[in-house]
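**Q** Residue-level listing of the chains:
2 protein chains.
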Amino acid sequence: MRPLSECAVTIVGLGLMGGSLAGALQGQCGHVIGVDRDAHALACALERRFVDQATADLGAAARKADIVVLATPVRSIIQLVGQVGEWMKPGSLLMDLGSTKGLILAAMAQLPDHVQPLGGHPMCGKEISGHEAAERELFDGCTFILSPLARTSDEALALGKALVESVGAQPLVIEGGRQDYLVGTISHLPYLLACSLVSTADATTSADPLVWRILAGGYRDTSRVAGSDVTMMVDILMTNREEVVKAARVCGEQLAYLADLVDRGDEDLLREKLTYIRKTRREHYP
Amino acid sequence: MRPLSECAVTIVGLGLMGGSLAGALQGQCGHVIGVDRDAHALACALERRFVDQATADLGAAARKADIVVLATPVRSIIQLVGQVGEWMKPGSLLMDLGSTKGLILAAMAQLPDHVQPLGGHPMCGKEISGHEAAERELFDGCTFILSPLARTSDEALALGKALVESVGAQPLVIEGGRQDYLVGTISHLPYLLACSLVSTADATTSADPLVWRILAGGYRDTSRVAGSDVTMMVDILMTNREEVVKAARVCGEQLAYLADLVDRGDEDLLREKLTYIRKTRREHYP
Chain H
41 MRPLSECAVT IVGLGLMGGS LAGALQGQCG HVIGVDRDAH ALACALERRF
91 VDQATADLGA AARKADIVVL ATPVRSIIQL VGQVGEWMKP GSLLMDLGST
141 KGLILAAMAQ LPDHVQPLGG HPMCGKEISG HEAAERELFD GCTFILSPLA
191 RTSDEALALG KALVESVGAQ PLVIEGGRQD YLVGTISHLP YLLACSLVST
241 ADATTSADPL VWRILAGGYR DTSRVAGSDV TMMVDILMTN REEVVKAARV
291 CGEQLAYLAD LVDRGDEDLL REKLTYIRKT RREHYP
Chain Y
41 MRPLSECAVT IVGLGLMGGS LAGALQGQCG HVIGVDRDAH ALACALERRF
91 VDQATADLGA AARKADIVVL ATPVRSIIQL VGQVGEWMKP GSLLMDLGST
141 KGLILAAMAQ LPDHVQPLGG HPMCGKEISG HEAAERELFD GCTFILSPLA
191 RTSDEALALG KALVESVGAQ PLVIEGGRQD YLVGTISHLP YLLACSLVST
241 ADATTSADPL VWRILAGGYR DTSRVAGSDV TMMVDILMTN REEVVKAARV
291 CGEQLAYLAD LVDRGDEDLL REKLTYIRKT RREHYP
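These protein sequence lines are chains H and Y, in that order.
Quick note, the first sequence lines up with residues 41 to 326 if you use our numbering.
Quick note, the second sequence lines up with residues 41 to 326 if you use our numbering.
If you're looking for bench data, these hints aren't it; they were derived computationally from the structure.
Treat the hints with caution; some may be incorrect.
Note: identical chains are not told apart, hence a pair may lie in one copy or across any two.
Restricting the straight-line Cα-Cα distance to at most 27 Å, the calculated cross-link-like pairs of lysine-lysine (DSS-like) are [as the list claims (entries may be wrong)]:
id, residue 1, residue 2
1, K104, K129
2, K166, K313
3, K129, K201
4, K166, K286
5, K201, K166
6, K201, K104
Here chain H stands alone, though its shape is the one from the complex (with noise of 0.2 Å):
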């Protein structure tokens, strides 16, 4: 394998995602090569020079490509693995960007023998979406995890780690099935409750029109992440089912739980529970 500085590094979708590693990845390898369906991301892209190329032939810009990296929703990220490996050179390394990993791993682990797999997942993003959204900045400082095969080799992850920093990200292995247990609680469960509120607003108090000029910083950040795009939500949750659907259950008895110690009454052990949780919460972000 090439170091990176060679690398002809081919990013399939220019959403915020894609977008911001193409735009973070001049300079730190060979050249970039864009791909999208949509005309208007690529030529963005280009006119930024976020991308060295720009090309809506996937075929063409996988054959040319020493790393390619999908950074397209989930299930579309399952299909494509299932079609560039047999375009992409020997050797080369094929990552994606996807936020659950279980079926993307067991996709990856069909590719040809001559393509190395390496799945990742970066820890950030924003509630906004579009090549418009993309910026340069967007890993800096956040953890990327990545998820290598047992095929994968030690070169190829080494690549990959290198990748990330070249981000200004911070590489981090975990293994496939693990990550989707975590993030279905501390990712996507912050989702479903975001969306949870925002329903419940609409379903009672929205009848009054005070409302919304009430509106204070906790509704605001609690349902942040209810503006996320939904065709890459959808993705996440269908391709996490079971660990999302347990956090849910989970989330919900505890709810259940703090509202009944409030509508009993028992203050004592309400400040008891609040006292912990703001201490736990605390120690996360000290």
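Since the structure of chain H is provided, determine the placement of chain Y on it from the hints.
**A** Quick look at chain Y alone, frame taken from chain H:
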């Protein structure tokens, strides 16, 4: 009643809200007297010139005031309302900054006739508390709910509005019970959701130390208000029990409904629901 510019304003409780109000009132009224049981908060407020006088003597400070603002946790406000009325001057104004209004307004209804009552609730805050967190700009642009009683004179309401506007906030008059219903959903429910999320992570994924290395923005923002001051929040929850419990139940049902769509793999309905929620959220925050 005197114009605000000539009023002596006594603020009881120099934490985040009261301290910020004191600072913001500098130059807007005659002078500001700060009352707190905590000598450190008093010294700090004096040193920052957020107050012109600082004292632990509530009676003396109430006697001197044209306006008294109670800025302690809700149940302490309820107690104080029962004490300060007899000390206050004829024609003076008693306000509060409490986050629930039903019980506070009921206590204010019992004030001696010579005192004008006016409920207040600024829709701003931070998850950090105490005088150190106070800042003159806290109220800039925020909606500040005012809750007059039947006995509140037009003149008293006008003086309350002048005070609110003088610190950069926008007054909004809302009848008491209605406000508790609204904030139960858009302010107290987000707190319980944030706590439930932290509690869920603590009960499940926190056993894996990796989880704290992959926390992303969704968890951070959705859990933010779980860091709120517990004494303040217990008072809020305990004085708005009915509305909070109702809101938590509706939200628990919404969460269970979304999780069920994921569980059943009912993708069309899930997409439809999430698309509607996203649109709703974007209407609140264009």
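**Q** If a hint holds in the structure, say so; if it doesn't, say that too.
**A** Hint by hint, here is what the structure shows:
1. For the homomeric pair K104 and K129, the shortest alpha-carbon distance inside one copy (8 Å) is at most 27 Å, but the shortest distance between copies (84 Å) is not.
2. Taking the shortest alpha-carbon separations for K166 and K313, only the inter-copy value of 21 Å comes in at or below 27 Å, while the best intra-copy value is 31 Å.
3. For the identical chains of this complex, K129 and K201 are intra-copy neighbours only, at 20 Å inside a copy versus 72 Å across copies, given an alpha-carbon limit of 27 Å.
4. Proximity of K166 and K286 under a CA criterion of 27 Å is satisfied intra-copy only: 25 Å inside one chain copy versus 32 Å between copies.
5. Proximity of K201 and K166 under a CA criterion of 27 Å is satisfied intra-copy only: 23 Å inside one chain copy versus 38 Å between copies.
6. For the homomeric pair K201 and K104, the shortest alpha-carbon distance inside one copy (21 Å) is at most 27 Å, but the shortest distance between copies (68 Å) is not.
Consistency with the previously given hints is maintained throughout, with no hint failing.
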